[in-house]
Amino acid sequence: MIRPRTGPALAAIGHALPWAIVIVYFYAAPDQLGFGTQVIIWILFAMSLDLALGYAGILTLGHAGFFGLGAYTAGLFAIHVSPDPLLGHLAAVAIAALFGAVTGAMILHTNGVTLLMLTLAIVSVLSEFANQARGLTGGDDGLQGIKLDPIFGMFEFNIFGKTAYLYAAVVLFGWFLLAWRLVRSPFGRSLDGIRQNPRRMRAIGTPVWWRLVAIYTISAAIAGSAGALSAQATRFVGLSVLSLLSSGIVTVALILGGTRRIYGAFLGATIYFVVQDYSAKISPFFWEFVVGGMLILTVLLLDGGLLDLGPAALRLRDRWHGAAKDGE
Amino acid sequence: MLSFALTVLLDGISYGMILFLISVGLTVTMGLMRIVNLAHGAFAMIGGYVAGYLTQNGGNFYLAAIAAAAAAGVLGGIAEASIYRPLYRKGELAQVLLTIGIAFVTTGAITAIFGAFPYPVVFPDYLTRPIDIGFRDYPAYRLFLIAVGAIIAAVLWLVMDGSIYGARLRAAVDNPRMARAVGIDVNRLFTLTFIIGCGLAGLGGAIGAGVLSLEPDYALKYIVLFLVVVIVGGEGSFAGSFVAAMALGIIDTLGKYFVAEAAPYLLYAAVFVLLLWRPKGLLPPKSAA
Amino acid sequence: MTAPHTALSVRGLSKNFGALVVAQAIDLDLAPGARVALIGPNGAGKTTFVNLLTGFLEPDSGTIAVAGETLIGLRPEERVKRGLVRTHQISTLLFENTARENVAIAVAEREGFAWRMLRFGKEWRACCAEAQGRLEEMEIGGAADRRVAQLPYGEQRLIEIAIALSLRPRVLLLDEPAAGVPSHETELIHQALDRLPEGIAILIIEHDMDVVFRFAQEIVVLVQGRILMRGTPAAISADPGVRAVYLGKTAV
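Chains as they are written, first to last, in the working numbering: chain H, 1 to 328; chain G, 1001 to 1289; chain W, 2001 to 2252.
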């Protein structure tokens, strides 16, 4: 559902805030740009998942497959074809999109647990393949020695990470604009309809399978883009990019922030990595506790993720006062 | 040659027995209450760790295995009453996420209590030695697994086919609405079945520790296997999960022997093809709609 | 073959599940503007018939054609494009959306705007405007901005009809349009049925004999997958065979 609009002033602040934070962080935390870049990349990843899972209702735990494909493509492209980062990025997006289109076409006529299993099977195959194809991917040791040319010949990738951070931020912004437009468009609405009631959409003549394949492809492309950023920012690609665990993490991040809310991915990914960073310092298992606990509470209590805290509190207040906010 | 084939068969079947033991509870849960329970592996894991703890501290293996089943069953009952019941109405995504959360929390708890390294269950001496079965020496442990698995499968079969409970359960899986209409208390049936299923999983985790080794990431690592057994066999299909478990066990074993590197992803590729061909599983119950 | 001015033409439609025969060589023609009611006891196969027409079930044999074009082999959404539209017995709406959005999405789909991802402002506004008009035709224009989940059931049923009409059907299948509607709201539905555009061929499935007699020019009686009889309301209600089958569901 396209949620009802808040007042224009609040909306403007709501939009400016996340981007202001992105910019401020760049200046306020110059020695921790690596962390910031990682968060930005996972925001992008989570946003891609929101399109497929949140809006279109495609039940998938295989999205890391596209992220990983993008990462390995970008890495291998830099090593074997050309160190131009933008070309490599493009190649990654293309490969991820192609894979999304092909697998999507094969599986999107199913739904529910069957679909979930199929996505699990796909990412498992990819993951195992990457593990085995040591010659190509470096296996356990990962793909190393990725060297990149400066972007536009000017902006160099180095240990300070400034280029990587801004590069990721710009890419995120670009995809964000596209996703935002997409979600409000008739196409986006029809996907939301498919999520709510596929039978109703069929009854108005919607070619459901085609629409799902289309959004799955777009979502795969964006996830591939995030993967490419990951490879290029760290100049390294490890097996974890393709892992089931990564699929789980990005799903957790998205749910924490809230699906179908434009900035849900932003909030969720940020919280996830802050929590993970913090709790990893306490002890290795603490983050599993915290993340698992947050997930359980979010599902049980907050239908719309943590971004729902505000509206949920308001609803609670109204119910308390006996006034019906939604005309119930 | 024949000896080799029989070895593979026995290896596969013993592995399959454990998969069946653990997954049978899951297939009924998913088929009966239509809840996607990605935390099912956690119950097997808890059973395993309980048995591991007891046997490492001198306890009798068989008592430890029973304790494992009991612990898993009790925890299952508590979980069902508190967490799973509201899940029914919430839709598949919420179920997936919440149960993943439970699996995470369990993983964290296990790591906290028992540490991150593999945790052994101490089997009695005579199980760890090989037995002469005619054409070769074969691990007694695996024969033990086959025996226990077959006995339990037989008991479950008898219960399903011959008891009122079984009849009610089958009716409820086939058509919950109709079952309610004829007066079957589906909710109570489910609670009881859930507890039994978790108990069996705990037992499987305990005695199967030699095949599925106990580590904190057990729940998340093996849930895919259990799901494969359930989905490929057909949700809610008791016979289907047995067949799928055996098939999975044998295929996996064959893979390990012949195409060691390709084994894991050939398996997943096979699951993929199979699900596309038969989205409802190999032997789905009648009303799988 | 079929005369081009026949809106819906069904010949020899048959379907069985093993020994269970759910449709037996059904022949049915609807001229444009027809008002035909399909009645029959529970389990007669009315829903199955609708599913066969709309493409959710594949027949074992027989043909279905709308305005001369065959529908056999087409997916449900393709049949909608050919002019076969249905409403559902239970409200099948997008409950998170407003009434207007529900209709506008259907209009967008009809017009081919539903693919638009980037440039859509003008087109979407046009869809919303038409949607508003459709709702006003159903006399529920005031509910346009309210979420469907909060609307009374009778209004939800009217939205179903509004959506169906906005798809510009040649043949409209109304599946128990008044089912489940509280008695104080049924008159709205009846009036909406009276106002349905004349050019559309309409097949209404109903149990409520008041509706049937008020609305139908012709009645088809379906029993165990077979058409028992077809005729005017007077002829049908007088027929002893029909009465026997209905066991007391008389409406004379």
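Any given hint might turn out to be false.
[To be verified] Pair by pair, the computed Cβ-Cβ distance ranges are: (1) H:G34 <-> W:E2136: 52 to 60 Å; (2) G:R1034 <-> H:P83: 34 to 42 Å; (3) H:K281 <-> G:P1118: 46 to 54 Å; (4) H:P8 <-> W:P2041: 57 to 65 Å; (5) H:A12 <-> W:E2136: 53 to 61 Å; (6) H:L86 <-> W:G2073: 40 to 48 Å; (7) G:R1177 <-> W:L2020: 40 to 48 Å.
[Unchecked claim] Residues of chain H clear of chain G, computed beta-carbon distances all greater than 10 Å: (8) L17; (9) I21; (10) G112; (11) V171.
Bear in mind the hints are in silico, worked out from the structure with no lab data behind them.
These numbers come from a predicted model, not from an experiment.
Ideal placement from N, C-alpha and C gives every residue a C-beta, glycine not left out.
Do the hints match the structure? See the list:
In this structure the hint that G34 of chain H and E2136 of chain W lie 52 to 60 Å apart at CB holds, the actual value being about 59 Å. With their beta carbons about 52 Å apart, R1034 of chain G and P83 of chain H fall outside the hinted range of 34 to 42 Å. At roughly 26 Å, the beta carbons of K281 of chain H and P1118 of chain G sit outside the given window of 46 to 54 Å. Under the hint 57 to 65 Å, the C-beta atoms of P8 of chain H and P2041 of chain W, about 59 Å apart, fit the expected range.
Taking 53 to 61 Å as the suggested C-beta distance range, the pair A12 of chain H and E2136 of chain W does not conform, at roughly 35 Å. For the hinted restraint 40 to 48 Å between L86 of chain H and G2073 of chain W, the CB-CB distance of approximately 47 Å keeps it satisfied. In this structure the supplied range 40 to 48 Å is violated for R1177 of chain G paired with L2020 of chain W, their Cβ-Cβ distance being about 20 Å. The beta carbon of L17 of chain H sits about 27 Å from the closest Cβ of chain G, which is more than 10 Å, so the claim that it is off the interface holds.
The Cβ of I21 of chain H lies farther than 10 Å from every Cβ of chain G, with a closest approach of about 26 Å, so its non-interface assignment holds. Not every CB of chain G is more than 10 Å from the CB of G112 of chain H (nearest about 6 Å), against its label as outside the interface. Against chain G, the non-interface label of V171 of chain H holds: every CB pair exceeds 10 Å, the least being about 28 Å.
In the structure shown, a violation is registered for the earlier hints numbered 2, 3, 5, 7, 10, in ascending order.
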